[in-house]
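Peer 1: Sequence:
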Amino acid sequence: MKIIPLSEGSFTIDGTKDFVPFNTATDDLQQRPRGSLLVEIQPFAIVMPHDIILLDTGLGFQDATGSLQIHHNLMNAGIQPSDVTKVLLSHLHKDHAGGIGKNNRLHFPNAQYFIHQQEIDFALQKGAPSYDIKDFEVLINHPRCTLLQESSGYINEHIRYEMPGGHCPYHLAFWLSDTEETIFYGGDVA
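Numbering (this note's numbering), first residue to last: 11 to 200.
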């Protein structure tokens, strides 16, 4: 397996749940609103023998031409967005689900997306500022979205998931295995 970090950069976030870019070399955290947290947005690509897997989709930020930063990050690693075969979503907060798709189009059109049914239901009813329905509404009833039903299980013989809760009630953690190693992705589970 090859693990490729796809950093979208550093940001501060406060009670409004807006992500404000933060340059660690020049910005001062004390100048941000009280209670601001400094976070690094870090999706990952995992290259396996028969799959290219994306672990979360980041914020979905675009450059001036409308191209997604995560697409640039993938292409810089030699991966076309259309090469991604699976997108594993730990949860649907903005910083993990912003790059799913827009206007009823998936940003990774050949991938099968995996999210827990209860997380979608919770995000739709909750109305909390951590969720932006526009980020994930394309998944609802989409044939490329698999809604996981159990609190733990297998997507295939190489991918296992569990719902540890904690960060949000229906948050998922993933284990990806091949014959030589297993990697763990916990999203925001610390």
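These aren't lab readings, by the way, just hints derived from the structure by calculation.
It cannot be assumed that every hint is accurate.
As the list claims (entries may be wrong) - Pairs of lysine-lysine, DSBU-like flavour, derived with a Cα cap of 30 Å:
(1) K12 - K112
(2) K27 - K112
(3) K144 - K112
(4) K144 - K27
As the list claims (entries may be wrong) - Computed spacing ranges between beta-carbons, pair by pair:
(5) E172 - P15: 39 to 49 Å
(6) S92 - L39: 35 to 45 Å
(7) S187 - S161: 38 to 48 Å
(8) D37 - Q122: 17 to 27 Å
These figures come from a predicted structure and were not determined experimentally.
From the three backbone atoms N, C-alpha and C, an ideal C-beta is built for every residue, glycine too.
Peer 1: For each hint, tell me whether it holds in the structure or not.
Peer 2: Quick rundown of the hints versus the structure:
1. Among the hinted pairs, K12 with K112 is consistent with the structure: their alpha-carbon atoms are about 29 Å apart, no more than 30 Å.
2. Straight-line distance between C-alpha atoms of K27 and K112 comes to about 20 Å, which keeps the hinted pair within the 30 Å bound.
3. With a CA separation close to 7 Å, the supplied pair K144 and K112 stays within the 30 Å bound.
4. A hinted pair counts as satisfied when its Cα atoms are at most 30 Å apart, and K144 with K27 qualifies at roughly 15 Å.
5. In this structure, E172 and P15 break the distance hint of 39 to 49 Å, their C-beta atoms being roughly 23 Å apart.
6. The hint said 35 to 45 Å for the Cβ distance between S92 and L39, and at roughly 39 Å that hint holds.
7. Distance hint check: the CB atoms of S187 and S161 are about 20 Å apart, inconsistent with the given range 38 to 48 Å.
8. At about 39 Å, the beta-carbon gap between D37 and Q122 misses the expected band of 17 to 27 Å.
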